[in-house]
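**Q** Listed below, chain by chain, are the residues.
4 protein chains.
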Amino acid sequence: MIKKVFEIEMKVRDYECDAQGIVNNANYLHYTEVTRHAFMESLGISFKECHESGIDPVVSHADLHYKTSLTGADVFLSSLTVERKGAKLIFHHTIRRKSDGAISCNARIEVVVLMNGKLSRGDFFDEKMKDYLQDYV
Amino acid sequence: MIKKVFEIEMKVRDYECDAQGIVNNANYLHYTEVTRHAFMESLGISFKECHESGIDPVVSHADLHYKTSLTGADVFLSSLTVERKGAKLIFHHTIRRKSDGAISCNARIEVVVLMNGKLSRGDFFDEKMKDYLQDYV
Amino acid sequence: MIKKVFEIEMKVRDYECDAQGIVNNANYLHYTEVTRHAFMESLGISFKECHESGIDPVVSHADLHYKTSLTGADVFLSSLTVERKGAKLIFHHTIRRKSDGAISCNARIEVVVLMNGKLSRGDFFDEKMKDYLQDYV
Amino acid sequence: MIKKVFEIEMKVRDYECDAQGIVNNANYLHYTEVTRHAFMESLGISFKECHESGIDPVVSHADLHYKTSLTGADVFLSSLTVERKGAKLIFHHTIRRKSDGAISCNARIEVVVLMNGKLSRGDFFDEKMKDYLQDYV
Numbered sequence: 457m458i459k460k461v462f463e464i465e466m467k468v469r470d471y472e473c474d475a476q477g478i479v480n481n482a483n484y485l486h487y488t489e490v491t492r493h494a495f496m497e498s499l500g501i502s503f504k505e506c507h508e509s510g511i512d513p514v515v516s517h518a519d520l521h522y523k524t525s526l527t528g529a530d531v532f533l534s535s536l537t538v539e540r541k542g543a544k545l546i547f548h549h550t551i552r553r554k555s556d557g558a559i560s561c562n563a564r565i566e567v568v569v570l571m572n573g574k575l576s577r578g579d580f581f582d583e584k585m586k587d588y589l590q591d592y593v
Numbered sequence: 457m458i459k460k461v462f463e464i465e466m467k468v469r470d471y472e473c474d475a476q477g478i479v480n481n482a483n484y485l486h487y488t489e490v491t492r493h494a495f496m497e498s499l500g501i502s503f504k505e506c507h508e509s510g511i512d513p514v515v516s517h518a519d520l521h522y523k524t525s526l527t528g529a530d531v532f533l534s535s536l537t538v539e540r541k542g543a544k545l546i547f548h549h550t551i552r553r554k555s556d557g558a559i560s561c562n563a564r565i566e567v568v569v570l571m572n573g574k575l576s577r578g579d580f581f582d583e584k585m586k587d588y589l590q591d592y593v
Numbered sequence: 457m458i459k460k461v462f463e464i465e466m467k468v469r470d471y472e473c474d475a476q477g478i479v480n481n482a483n484y485l486h487y488t489e490v491t492r493h494a495f496m497e498s499l500g501i502s503f504k505e506c507h508e509s510g511i512d513p514v515v516s517h518a519d520l521h522y523k524t525s526l527t528g529a530d531v532f533l534s535s536l537t538v539e540r541k542g543a544k545l546i547f548h549h550t551i552r553r554k555s556d557g558a559i560s561c562n563a564r565i566e567v568v569v570l571m572n573g574k575l576s577r578g579d580f581f582d583e584k585m586k587d588y589l590q591d592y593v
Numbered sequence: 457m458i459k460k461v462f463e464i465e466m467k468v469r470d471y472e473c474d475a476q477g478i479v480n481n482a483n484y485l486h487y488t489e490v491t492r493h494a495f496m497e498s499l500g501i502s503f504k505e506c507h508e509s510g511i512d513p514v515v516s517h518a519d520l521h522y523k524t525s526l527t528g529a530d531v532f533l534s535s536l537t538v539e540r541k542g543a544k545l546i547f548h549h550t551i552r553r554k555s556d557g558a559i560s561c562n563a564r565i566e567v568v569v570l571m572n573g574k575l576s577r578g579d580f581f582d583e584k585m586k587d588y589l590q591d592y593v
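Residue numbers (the working numbering), protein chains in the order written: chain U, 457 to 593; chain E, 457 to 593; chain C, 457 to 593; chain G, 457 to 593.
It is possible that some hints are incorrect.
Intra- or inter-copy, both count: the list cannot distinguish identical chains.
Think about it this way: if two alpha-carbon atoms lie no more than 20 Å apart in a straight line, the pair counts; the simulated SDA-like pairs of lysine to any residue are [stated by the list, open to error]:
1) K460 to H521
2) K586 to T527
3) K467 to S502
4) K467 to V531
5) K467 to A529
Since the hints were derived computationally from the structure, they do not count as laboratory data.
Construct the entire structure; sequences and hints are all you get.
**A** Okay, structure coming up:
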């Protein structure tokens, strides 16, 4: 069964480029976060409200492969799929330059969910994400 | 009476430079924040503990004059003086390149203090800052 | 004569909020930069290409008044008008929360244009910006 | 043979914490970059001068394991070792909270060297790094 993909379009902000004239490597982590939070929001989950009610998704592992560098004003497509693995949610991110589809970054981001500071499975996310987690049901 | 000056030494981080090869203008606001928080810490005030006890200093006005641009790996001296003006604390910041003393940025930052989200004079800061506010006693 | 306004819609990224749960003051300078560069792009001027051909607009003075704080996931409208003042371009920025129109930040940003590192009037920008500078013709 | 370790002391800047009150995950990539550049500088290599002479070290792969979160004003020790692997330099980073030595982040960062935009072995770095690369001679 094919996994559902969530995708948004973004654009490089010039201040995200460093003196080499390309997007600084750390900003790709920001791009993946923006995409995950937009994904959660599309499911009716607010990162801010989660935090205020004691639920904090936290990145435990990030693995990023950098390919074609993005540069000032580049438009790109940032997509993700998600899977459940025990207590973790694994997000698979792809960042592609829009003009030619060149892969800029592939990232695998593991997220754990803290409830009031303690590790939790965060099962309530699964019901919301069921269309995206479908191939694991 | 001469006002007491607080000063720290800092160094440009390469990622703070943008594609023009100079420190992006927004980072000077970060530098002033780092300096104010180091100043508060030198007086025994923790920004983090303030927030946790419902006290939030918030910038209400920032006025920055940019002179000589800093660039990658530059070492600089970031200093401040402070005055009380009604409900506000006014910080006067100077950022100078260490190698030659060239002024990089002069900034005037107004800070108001919120207590549990409401405007307060934050008078408890004055006792802590008394050596720096001395010429207004 | 009424000055023409350029406006874009933006959204707070959660990582732009600091431990106080509101957008850190430095990010408003980023927002104004994004808006200026989008404005230039709408006129066919690329910040990146400018830099590559030796033309560097640089902020010489920034004056920001902070009102209602933006917070995680807030949508906001970022607008600007521009005027020519001698060798400087003066941008007047307004950042308003979209939900209720509350002013979040008013900023006045002075930009000077360097050509190969030397101060220039950057007159070539005026022809491009003529619809926005019309009341000064 | 024991590999030589390079280490610097750093301190969390409050603006690096996000609304969760902990250092945002992307900043650890910044911390590792600051450490690599300080390391290079200790060997007489300037990141800025490298770029100006057409030599650009670029991150091709980053793998970060997040453990104990750092928070506002935490002091930490950021260390690295380095090895040569074909055309790549592999940096092994460890970030530990100073107060108790708790590991905050382990990162493995692969760097490739571009010369005038083309992949190069960057062998000239090896001579400079020979004390650190000694166990591979």
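**Q** Each hint should be assessed against the structure and marked as holding or not.
**A** Results of checking the hints against the structure:
For the homomeric pair K460 and H521, neither the shortest alpha-carbon distance inside one copy (22 Å) nor that between copies (27 Å) is at most 20 Å. Taking identical chains as interchangeable, the C-alpha atoms of K586 and T527 are never at most 20 Å apart, the minima being 36 Å within one chain and 29 Å between chains. In this assembly of identical chains, K467 and S502 lie within 20 Å of each other by CA distance solely across copies; the values are 14 Å between and 23 Å within a copy. In this assembly of identical chains, K467 and V531 lie within 20 Å of each other by CA distance both inside one copy and across copies; the values are 4 Å within and 17 Å between.
Taking the shortest Cα distances, K467 and A529 sit within 20 Å of each other both inside one copy (6 Å) and across copies (17 Å).
Violated hints, listed in ascending order, are 1 and 2; each of the other numbered hints is respected by the structure.
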